[in-house]
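Those protein sequences? They're chains F and X, same order as listed.
Read in the working numbering, the first sequence has 19 at position 19, and its numbers run on one by one without any break.
So the number in the working numbering is just where the residue sits in the second sequence, counting from 1, plus 152.
Rather than coming from a laboratory, the hints here were simulated on the basis of the structure.
Every residue gets a Cβ at the ideal spot worked out from N, C-alpha and C, and that includes glycine.
Watch out, some of these pointers could steer you wrong.
What the hints assert, rightly or not - What follows is a set of in silico ranges between Cβ atoms, one per label pair, in the way DEER data are often shown:
1. F:Q132 x X:R292: 33 to 39 Å
2. F:I70 x X:R265: 43 to 49 Å
3. F:L4 x X:Q290: 32 to 38 Å
4. X:R292 x F:S30: 43 to 49 Å
5. F:I7 x X:N394: 53 to 59 Å
6. X:H380 x F:I7: 22 to 28 Å
7. X:F401 x F:A36: 56 to 62 Å
8. F:H67 x X:R225: 41 to 47 Å
9. X:R292 x F:T3: 38 to 44 Å
10. F:H67 x X:Q406: 43 to 49 Å
11. F:Q91 x X:R265: 51 to 57 Å
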Amino acid sequence: METLERIIAEHPFFVGLDDGFTNLMVSCASNARFKAGTYILKEGDPANTFYLIREGKVAVEVLAPQHKPIIVSTLSVGEILGWSWLLPPFQWKFHARAVDDVRAIALDGKCLRTKCEENHDLGYEVLKRFAQIMEQRLEATRLQLLDVYAVR
Amino acid sequence: MMATAITTDPMLPQPYSVREVAKETPDTFTLRLEPENAVNTGMFQPGQFSMLWMFGVGELPISISGNPALHDRLVYTVRSVGQATHSLVNREVGDGVGVRGPFGAGWPVEAARGRDVIVVAGGIGLAPLRPMIYHVLQNRKDYGRLVILYGGRSPRDLLYRKELATWARNRETQVLVTVDYGGLNWRGHVGVVTTLFKYSRLQPASSVAMVCGPEIMMRFVTRELEMHGLSCDDIYLSLERNMKCAVGFCGHCQYGPYFICKDGPVFRYKKIRKLLEKYEL
């Protein structure tokens with residue numbers, strides 16, 4: 001049987017995390033499912049959760065006036081959805097929509113913020129891992145902005 | 153070892169006829185040419201290019217995108233971006249085209265034998281890699297896994313969509329496609345090609361990577377490949393410059409100490425790494 005402990009410990013984002021920290025994570029975690037086409041989070045809403053995607057694909061969308069939503073990236077198995085829970089003002093900056101049926105682990109950001117404040121070693125571990133994801137996505141966004149396949 | 157056929161004066165175009173023109177995307181077409189003279193053959197190494205002459209318009213270096221096992225034809229995928237390419241893609245069946253070549257150093261068909269082949273393509277960069285993909289699929293026992301990572305601008309700009317789906321059904325073959333800008337109807341990945349690496353389960357010690365696309369994209373890709381543990385000895389890139397003579401006489405395509413037409417277009421990354429970091433080269 002797959003326990004939350006095992007799922008979290010084996011998720012690429014948490015690989016190598018100390019057992020004690022994993023247990024703290026588990027106390028803030030729950031299973032989540034989203035049907036294809038439903039919105040997992042919406043721009044402007046309070047950001048108090050993040051998700052470890054276990055199955056399916058999520059489209060991160062930005063709304064543009066007089067335009068259909070623009071998909072800026074997709075996230076899939078093994079990836080993390082959401083970091084706005086980590087930094088003030090704790091509001092989502094994008095929409096995220098389930099492209100397929102999505103299975104995920106939801107982590108309560110408020111709960112985790114409190115634990116990180118209480119235990120700075122945990123806070124540092126969490127920040128280090130999120131900083132790496134932010135760096136990768138920033139680099140990908142820069143390359144995307146270069147529009148390298150356009151005719152010059 | 154695959155044969156390279158330049159049986160005549162390399163500066164003399166050989167007469168070929170257009171046999172088929174297929175539209176790949178709104179601005180990109182694939183042309184099948186067949187020799188008018190039975191002496192000419194379509195033998196080439198994956199990764200090589202030809203000079204295509206549109207009489208009265210001009211001559212263009214174009215990578216061969218067809219199947220290297222089919223010697224009765226030469227296939228090219230061309231994006232219409234200027235006068236000469238526009239003229240080429242507007243050829244009709246039966247029209248003549250002059251062909252010189254094939255020229256240059258191709259993909260490391262032999263060095264990759266027995267190893268996993270990682271193909272990373274961006275935009276029209278999939279065209280020069282397609283012969284290598286055909287070669288691996290036709291000689292499946294000689295190679296390990298085939299991983300194809302392909303990034304395009306948008307879904308409508310993706311080349312060979314049907315073939316990508318067919319390739320993905322082959323054993324030991326993983327095909328991942330992404331686009332920079334996806335519409336709401338696109339159900340695939342959205343993001344740059346480097347974001348696909350995390351799904352690719354690479355075995356760096358036993359892999360050879362072959363990369364073709366815009367140079368900026370290739371720089372990001374090589375960085376990603378190295379981060380995943382590939383040695384710069386095992387990464388090959390196909391470069392493009394203004395090639396004119398195609399045999400290293402004219403110097404138009406000089407790239408540091410190399411001529412792209414003669415020493416390339418495929419280079420081992422280690423050989424050109426420093427040059428790629430230079431401004432305006």
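Evaluation of the provided hints:
1. F:Q132 x X:R292: 33 to 39 Å: holds, 37 Å
2. F:I70 x X:R265: 43 to 49 Å: With Cβ atoms ~44 Å apart, the hint holds.
3. F:L4 x X:Q290: 32 to 38 Å: violated, 47 Å
4. X:R292 x F:S30: 43 to 49 Å: holds, 45 Å
5. F:I7 x X:N394: 53 to 59 Å: holds, 54 Å
6. X:H380 x F:I7: 22 to 28 Å: holds, 25 Å
7. X:F401 x F:A36: 56 to 62 Å: holds, 59 Å
8. F:H67 x X:R225: 41 to 47 Å: holds, 44 Å
9. X:R292 x F:T3: 38 to 44 Å: holds, 41 Å
10. F:H67 x X:Q406: 43 to 49 Å: Given about 46 Å between the Cβ atoms, the range holds.
11. F:Q91 x X:R265: 51 to 57 Å: Holds, since Q91 of chain F and R265 of chain X (Cβ atoms, about 55 Å apart) stay within the stated range.
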